[in-house]
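Start from the sequences, fold in the hints, and give me the full structure.
Protein chains in written order, with numbering that gives the first Met the number 0: chain A, 0 to 256; chain B, 0 to 281; chain C, 0 to 305.
Everything labelled a hint here was simulated from the structure, so no lab data went into it.
Derived CB-CB ranges, DEER-like:
hint	chain 1	residue 1	chain 2	residue 2	range
1	A	Asp77	B	Lys281	34 to 42 Å
2	C	Lys21	B	Trp42	45 to 53 Å
3	C	Lys198	B	Thr16	17 to 25 Å
4	B	Ile266	C	Arg108	19 to 27 Å
5	C	Pro138	B	Phe2	36 to 44 Å
A few chain C residues that don't get close to chain B, going by computed Cβ distances all over 12 Å:
hint	residue
6	Leu62
7	Ser244
8	Glu248
Pairs of lysine to any residue residues, derived as SDA-like cross-links and limited to a Cα-Cα distance of at most 25 Å, are as follows:
hint	chain 1	residue 1	chain 2	residue 2
9	A	Lys147	B	Glu164
10	B	Lys4	C	Ala193
11	B	Lys159	C	Ile18
12	A	Lys199	A	Arg54
13	C	Lys198	B	Leu15
14	A	Lys91	A	Asp124
15	C	Lys203	B	Ile12
16	A	Lys67	A	His79
17	A	Lys91	B	Glu167
18	B	Lys281	A	Ile155
19	B	Lys277	A	Gln97
20	C	Lys13	A	Asp84
21	C	Lys203	C	Glu189
22	A	Lys216	A	Ala235
23	A	Lys19	B	Glu167
24	B	Lys281	C	Pro115
25	B	Lys11	C	Val109
26	A	Lys18	B	Ala99
27	A	Lys190	A	Glu178
28	A	Lys32	A	His131
29	A	Lys245	A	Tyr225
30	A	Lys33	A	Pro5
31	A	Lys98	A	Pro149
32	C	Lys198	B	Glu6
33	B	Lys11	C	Arg181
34	A	Lys98	A	Gly42
35	A	Lys67	A	Asp84
C-beta: ideal position from N, C-alpha, C; glycine also.
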Amino acid sequence: MKISAPQIVTKDLNVWIGKKHILKNINIEIPEKKITAIIGPSGCGKTTLLKCFNRLIDLTDNVRVKGKVIVDKENIFDPHIDVIDLPNIRKKMGLLSQKPYPLPMSIYDNVAYGPKIHGKSNKEDLNKKVKHYLESAGLWNEVKDRLKDPATSLSIGQQQRLCLARGLAVEPEVILCDEPTSALDPNATRKIEKLIMKLKKDYTIILVTHTLRQAKKIADYAGFIYFGELIEQGPAGEVLVKPKEKLTMEYIEGEFD
Amino acid sequence: MNFRKIEEYIFKILMLTSLIIVLGSLIGIIAVVLIKGGAAINWEMLTTTPKGGFYMGGGGGILNAIVGSIYLASGATVLAFFISIGIAIYLQREFTSDGAAGIIRASLDILWGIPSIVYGVFCFIIMMYLGVGTCLLAGIVALTMLEIPIMTRGMDEAIKMVPSELKESTYVLGSNRIETAVKVVLRQGLPGITSGILLAFGRGIGDAASILFTAGFSDHIATSLFDSAAALPTMIFFLSTSPIPEVRDRAYAAAFVLLSIVLLISIISRLLTNKFSKYIIK
Amino acid sequence: MKTLKRFIRMDSRKRKVFISTKLMFAASVLVCALLFLIVIILFSSSAPLLKQHPITDLLFSSLWNPERGDFGFYPIIIGTVYVTAIAMLFSVPVAVLSSIYIAEYTKGRVMQIIKPFIDILAGIPSVVYGMCAIIVLVPLVRDHIAPFFGASSTGFCVLTAGMILSVMIFPIIISICVEVFRAVPDEVREVSYAIGATKWETIKHVVFRAAFPGVSSAVLLGFGRAFGETIAVCMVVGNIPQVASSVFEPGTTLAAFIASNFGEMMSVPFYYSAMMLMALVLILIVLIFNILAKIIIRRSYGGGKT
Chain A
0 MKISAPQIVT KDLNVWIGKK HILKNINIEI PEKKITAIIG PSGCGKTTLL KCFNRLIDLT
60 DNVRVKGKVI VDKENIFDPH IDVIDLPNIR KKMGLLSQKP YPLPMSIYDN VAYGPKIHGK
120 SNKEDLNKKV KHYLESAGLW NEVKDRLKDP ATSLSIGQQQ RLCLARGLAV EPEVILCDEP
180 TSALDPNATR KIEKLIMKLK KDYTIILVTH TLRQAKKIAD YAGFIYFGEL IEQGPAGEVL
240 VKPKEKLTME YIEGEFD
Chain B
0 MNFRKIEEYI FKILMLTSLI IVLGSLIGII AVVLIKGGAA INWEMLTTTP KGGFYMGGGG
60 GILNAIVGSI YLASGATVLA FFISIGIAIY LQREFTSDGA AGIIRASLDI LWGIPSIVYG
120 VFCFIIMMYL GVGTCLLAGI VALTMLEIPI MTRGMDEAIK MVPSELKEST YVLGSNRIET
180 AVKVVLRQGL PGITSGILLA FGRGIGDAAS ILFTAGFSDH IATSLFDSAA ALPTMIFFLS
240 TSPIPEVRDR AYAAAFVLLS IVLLISIISR LLTNKFSKYI IK
Chain C
0 MKTLKRFIRM DSRKRKVFIS TKLMFAASVL VCALLFLIVI ILFSSSAPLL KQHPITDLLF
60 SSLWNPERGD FGFYPIIIGT VYVTAIAMLF SVPVAVLSSI YIAEYTKGRV MQIIKPFIDI
120 LAGIPSVVYG MCAIIVLVPL VRDHIAPFFG ASSTGFCVLT AGMILSVMIF PIIISICVEV
180 FRAVPDEVRE VSYAIGATKW ETIKHVVFRA AFPGVSSAVL LGFGRAFGET IAVCMVVGNI
240 PQVASSVFEP GTTLAAFIAS NFGEMMSVPF YYSAMMLMAL VLILIVLIFN ILAKIIIRRS
300 YGGGKT
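Following this line, the structure appears as structure tokens:
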């Protein structure tokens, strides 16, 4: 399946952690400004793949990566890239992780952290940015009166939206979501899903999810990873409903582990 | 009655006795210092320097030692801070391989166990080589060497406990390793780091062996880095065995002040740890 | 060079990272090197003496007469062993028994109260211990204990030094032992109770055996600390370089001797080297004990921390 002008392409991506071969020859294409769901049983390498897109994989113990990950026509694993340039590469990819990790600061400082680092120090500009992104994450009304409170005083659903606002504030192009709702109750889950669908207008979204229901509900494209191999990829309507591969069919019917 | 029960009973008594001995010694020490020291403390003792030669008696107090101790311990703690925090941050996986970190930690462990007199002797050799006499600066350097392993260990423990996911969530914002270390890791680890610093300070202010031949001793308050300086521990060391009661009183008063400072640091450390835990994630 | 070119092309954020990283690396290297530096400098300072006398002579001769060029370390080494042995004899049983009581016979809340006490005990400066020993222990030994055993003593003797030293190493042994006992899983105890053993028998045969490596390493660390303790011992041991014939006689230890005789050494030839050699011997022995303790912990707990 060929997407015209995919934003991210991997070429023969292989990852080993210790002696285990986690990702085997992954050749995946991620289209621009759409939601691509990555589905598959637990422990099959979905999170590892995500970590390859923003080179967070570098921080894992005992890891070896071979192959290319091409983002906007440049291989981010090119050996000539200096360690000191990595932060700029990572900035392009926002991350929404499974368990929210608010920074040990106030709500305001959490969102302002990224912009401040990248040079925006004008107080008024920052205030505007913080307000804007908290609104985008649907959190502004709930926190506008207590911006200086510690971020840990929020509920877990609110913390997740705070992390989203924080990630959006550095203006990434891609948002990587690693099972972002698995720790949340149904109400908070719905809120996040609605937000993600709103965001695809402006951002490319890669959503790793455990729940087929969620993928079916919001994804445009999908990829099925089974024990480190990319079995199938294509439009969501195909992969998730009428897949070409037998393995994919077995998975979506039984959701085996 | 059976033997098993008797054996248990005997050992229980032995254990309780042991515990009482341990707690009793602590209470005994504090009591001795409070009683003897308390009797010797008065306004004059705390605010004047010794007159008539420190071995001879003749009035005056321990101000020179109080000020000297503050200079020595503060100077050493500040110097040690900059080195220790650098090493502690550097020990993270983002900066060093696990092998190199292992070597650094092992070296620090060994340095931690070296008796403080060795640091004093080492500094003395360097002083001889440079032709410098006993002075405040030498004492500060010796104390810094003593404090670094203690401080680094405390900071390292605090920084190790910062969850890697927290750091990763800043890296994806485009933060580099130093920005994350300073703005997030240090903040998250602040309670542990503070207690590490205070622990090192407490150790530094109480140590006599390392400053014995480096800082020397003096009747006067040090006015420059190259003056000899008296300190509370050395004052206690030299004057406890004096045959003159007034001179011994100075030792007791110094012990009172020193112990109070150490206990105060312990309390402050606990308070600060609680205060700094407000923002950190649990 | 290549690095310089890289540096020039960096923006200010990257420059901060580059410089900070280099500085931190330098600090780490410095600290690792410090250990070697200390050993090397001590060794080279001892060299003049070592050229005059072979090391075996120095270590095993009993004559200490610096003016005549006799530097027999033997009494000083024996004195160190003597004082340390007395301290361990008093301290280990008391500390281990206290640890067992705290870990096995008290509830968590009591531990919360006792732990600060132990920490404070660990934080008291050695001069204060020494001073208290002078005020309390010296008269005690001189007026009560020695006469009881039919000996006369000034109170400034090996026994007094051993006694105060034993109090000083309580906290080290207790804090490690309590942690180690607590680490023994409850399942192990339950198995023993199920067989019908009493609490004490369980502790004696099962818990203690499981915790033994940790207890050993605590004892070794305590030994290392006792061996190197300078100030408190120096204040009460008498500082005479002789092999004490009884515990009520004065003696000396390596560390205490260095502290008390440092003033004299400049006037007599080779005295300086002798002192440096003493410091070297001290540091090497303490090092060996600490490394041994670490190896034991690592072997039995798979790289656990102390």
